[in-house]
Structures are given as C-alpha cells and as structure tokens.
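Could you build the full structure based on these sequences and the hints that come with them?
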Amino acid sequence: MVHEWALAEAIVASAVKASGGRRIKLVKIILGELQNADPQVLEFALEELKRGTPMEEAQVQLEVQPAEFECGVCKSSWRLSDLSIGEGEREAIHFVPELVHAFVRCPSCGSPDFKVVKGRGVWIEGVEVE
Amino acid sequence: MKASRSSEGLDPRLQVIPERLRGVSRIVVVCSGKGGVGKTLIASLSALIAARQGLAVGLLDLDFHGPSCRNVLGAFEAKPVEDRGLVPPVVAGVKLMSLDLFAGDAPLPLRGSDVTDATVELLSVTRWGRLDLLVVDAPPGTGDELLDAVKLLPRLEALVVTTPSKLALAVVARLVALLKDLRIPVLGVLENMSSGGSSSVEEAARAWGVSYLGWLPLDHLVEEALGDPEKLLRTSVARRLEDVLKRVGLIA
Chain E
716 MVHEWALAEA IVASAVKASG GRRIKLVKII LGELQNADPQ VLEFALEELK
766 RGTPMEEAQV QLEVQPAEFE CGVCKSSWRL SDLSIGEGER EAIHFVPELV
816 HAFVRCPSCG SPDFKVVKGR GVWIEGVEVE
Chain B
53 MKASRSSEGL DPRLQVIPER LRGVSRIVVV CSGKGGVGKT LIASLSALIA
103 ARQGLAVGLL DLDFHGPSCR NVLGAFEAKP VEDRGLVPPV VAGVKLMSLD
153 LFAGDAPLPL RGSDVTDATV ELLSVTRWGR LDLLVVDAPP GTGDELLDAV
203 KLLPRLEALV VTTPSKLALA VVARLVALLK DLRIPVLGVL ENMSSGGSSS
253 VEEAARAWGV SYLGWLPLDH LVEEALGDPE KLLRTSVARR LEDVLKRVGL
303 IA
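Read top to bottom, the protein sequences are chains E and B. Using my numbering, the first residue of the first sequence is number 716, and each one after it goes up by one. Using my numbering, the first residue of the second sequence is number 53, and each one after it goes up by one.
Because the hints were derived from the structure by calculation, they are not lab data. Backbone N, C-alpha and C fix where the C-beta goes; we use that ideal spot for every residue, glycine too. Some clues are possibly wrong.
Said to hold, decoys possible - Once the Cα atoms are required to be at most 30 angstroms apart in a straight line, the calculated DSBU-like pairs of lysine-lysine come out as:
no.: 1; chain 1: B; residue 1: LYS86; chain 2: E; residue 2: LYS830
no.: 2; chain 1: E; residue 1: LYS830; chain 2: B; residue 2: LYS131
no.: 3; chain 1: E; residue 1: LYS732; chain 2: B; residue 2: LYS203
no.: 4; chain 1: B; residue 1: LYS131; chain 2: E; residue 2: LYS833
no.: 5; chain 1: B; residue 1: LYS232; chain 2: B; residue 2: LYS298
no.: 6; chain 1: B; residue 1: LYS283; chain 2: B; residue 2: LYS298
no.: 7; chain 1: E; residue 1: LYS743; chain 2: B; residue 2: LYS203
no.: 8; chain 1: B; residue 1: LYS203; chain 2: E; residue 2: LYS830
no.: 9; chain 1: B; residue 1: LYS131; chain 2: B; residue 2: LYS283
no.: 10; chain 1: B; residue 1: LYS218; chain 2: B; residue 2: LYS86
no.: 11; chain 1: E; residue 1: LYS743; chain 2: E; residue 2: LYS830
no.: 12; chain 1: B; residue 1: LYS203; chain 2: B; residue 2: LYS232
no.: 13; chain 1: B; residue 1: LYS203; chain 2: B; residue 2: LYS298
no.: 14; chain 1: B; residue 1: LYS203; chain 2: E; residue 2: LYS833
As the list claims (entries may be wrong) - Which chain E residues face chain B? A few, computed with CB under 10 angstroms, are given here:
no.: 15; residue: HIS718
no.: 16; residue: ALA733
no.: 17; residue: ILE808
no.: 18; residue: LYS830
Here it is in structure tokens:
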C-alpha cells in the first residue's frame, strides 16, 4: 500500500512545522486501526522523507490504536475485529476511513448511524524538540 | 540540559493539502442554494468543455450524500490508482475524484464531523498534478462541504447556479451573502433550466452586486445524453455554457 507515503509526507510536514525549525527529538504517532496503515511501510517512508529536515534524527514512536464504534441508535459498541469486511472495502476505508459508513452496519440493531469513537486515522500525538 | 517542548494533537493531513494543490491554477466551486438546479451537470459539463479546449482539468465531487458527477461522465468503471497517494482516473479528459468511485451506489450516511474528515482525507491523498482548472461540485446550501471547501481550498472562486423559481432565488440570496462574507470571489450567477432569461434573476444578481451570466435552457436531450460525454458536449446547453465559461475567463 503506497498510500503510506502520502501519510508519511503529511507527518513530516506537520512535525517540521510544529517544531518551528528546531531539531526534533521525538515524534509520537497514533495509527488508527481503521485506516489500516502498514506501520513498517510508514516507518520506511518516514526514514526516507525526514532526511534533510529538522526531523532527520528524531525517534519515531508508532502506536496502533484499536478502532471502536458506537451505535447512535441502540448505543451498543463494537470493535473492528467484531466485523468481517471484504478486501476491496478494506482498501477503500484505507484511503478514506469515513467510507466505513458505506460498508458497515451496527451488529446489534443494523443501524447505519454510528460513530467511530477511537482508532480512525493517523494522528500526531506529540512532537518533542530540543 | 536543553528545554523540551511538546505540541499536542496534530492533524498531519492539513499540512499536506496546500502541497497537493500547488500545481492547480484555478479552483472553482459550483454551488447553489437549493438542490436540483443543475449544479452537477454544470460542474461536470464545464470540466468536459474545458478539457476539450485542451486545458488540464480536474473534477472533485464533494456532494458526499448525493454524488453524481460519475453518472454524468458515465465513469462507472473508473478507479483511482495508488501511487504515493491517489491518482484520479481520467474520464473524457477530466481527472475525476469522488467517494462513489469507492463506495459505488451504497448510501453513505455521514454526520458533520465525518464530512469534514472525509473532505480533509480526500484532499490530502489526491494527487492532481498540474491542473489549469479544478472544478468542485458542492452539495446545495451552506453546510459542512461548502464551508470546508472554503477553508481548505486556496484561491477558491464560486460559480452560483439557480433556477428562475422564486424559491431557488430566495435561498441563493443567502448563499451569495455568505460567499461575500467569506470573501470568496463570485464569478457570477448562472440561470439554469430557464425558458429564456428571467429578469428576476438578472435583477437579483444586480442587487447582490454580482454578475449575471445569462441562462441555460431546460433541454430534454441532456437527460438522454447523461453518462455519454460526447453526446453531452453536442447539446445546446453545452454550447451556451461554453460561451459563459469564455465570458468569465475560465476558457479562452
């Protein structure tokens, strides 16, 4: 999945902007399980893209956050692992996580009106600079 | 020991959107007050006409709840290609990006924050490359999609569509007022599905201080031509729209 390169590019640009040009020591990244970004590909892309930037020597911490959903109608909650989603649908959700609303219904009541409570997409939790 | 500073909670996607749109010369959102006034047709047909003129053109469907640019272009097999992001498929010379390229005909119930997330995500992954013109099809009204477009798309200009109906006009007045408050340049108001130029739309445009761009007829041949770009380009609506696009300087 080459989309990780787009995510990595966005992460480096954001972290560098947040650093105000100072050398970055640490970038903590949350990977929402729903988006299904491959941590290894992302790490590789980050290694390549951070060269020559204030992030060059930064340590990168990646943490995958499990995806959780809550039904707006019956209020039941569930996890991504409770669902079976086809390969094509997984790929669409990888690009735009909101597409989960086209493919998933509440396992308890069948409602399409649910929220992604946790683990949606990629997020920078923190940037530490020197 | 050096001082350490931490910034909490950054959305990395926002930083990359201007980069993704760097090669795009002009971005025009086609919008309306009411639904069903022909926005999608005008947005899609404008893109087709500009592409036929040799311009590099993109078409972004932000009408997430009722996407139909794909239907106008007949792009049912088109799929974006992954390459360090998403490269939009080219249909009849137009680069098309829309959520229904992924979701097909499935309903997509999104609440406000989901709409914003989906917009940000699409804009941050789509690699338009160099474009002379990016046409954006917005849903009717002044909701999240339009506000997000205004917030996220640099150098945005608006083309406002209405029918001659008093109801459409009353609502589009609010839209024009909002666009002015948001400091979005309005290329003009285009009267659609008209039986021949209504003085009320022209007068309204004058009262709002925006250009009246003339009228397009309600042409039953358009309905038959939907999904067939070549047929669409041969309709009387396409010929008149081409004149409008020349007049506002979107094509030469």
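The hints, checked one at a time:
{"no.": "1", "hint": "B:LYS86 <-> E:LYS830", "verdict": "holds, 28 angstroms"}
{"no.": "2", "hint": "E:LYS830 <-> B:LYS131", "verdict": "holds, 27 angstroms"}
{"no.": "3", "hint": "E:LYS732 <-> B:LYS203", "verdict": "holds, 19 angstroms"}
{"no.": "4", "hint": "B:LYS131 <-> E:LYS833", "verdict": "holds, 29 angstroms"}
{"no.": "5", "hint": "B:LYS232 <-> B:LYS298", "verdict": "holds, 23 angstroms"}
{"no.": "6", "hint": "B:LYS283 <-> B:LYS298", "verdict": "holds, 21 angstroms"}
{"no.": "7", "hint": "E:LYS743 <-> B:LYS203", "verdict": "holds, 27 angstroms"}
{"no.": "8", "hint": "B:LYS203 <-> E:LYS830", "verdict": "holds, 24 angstroms"}
{"no.": "9", "hint": "B:LYS131 <-> B:LYS283", "verdict": "holds, 23 angstroms"}
{"no.": "10", "hint": "B:LYS218 <-> B:LYS86", "verdict": "holds, 11 angstroms"}
{"no.": "11", "hint": "E:LYS743 <-> E:LYS830", "verdict": "holds, 25 angstroms"}
{"no.": "12", "hint": "B:LYS203 <-> B:LYS232", "verdict": "holds, 14 angstroms"}
{"no.": "13", "hint": "B:LYS203 <-> B:LYS298", "verdict": "holds, 27 angstroms"}
{"no.": "14", "hint": "B:LYS203 <-> E:LYS833", "verdict": "holds, 25 angstroms"}
{"no.": "15", "hint": "HIS718", "verdict": "holds, 6 angstroms"}
{"no.": "16", "hint": "ALA733", "verdict": "holds, 5 angstroms"}
{"no.": "17", "hint": "ILE808", "verdict": "holds, 9 angstroms"}
{"no.": "18", "hint": "LYS830", "verdict": "holds, 8 angstroms"}
Hint compliance for this structure: every hint is met.
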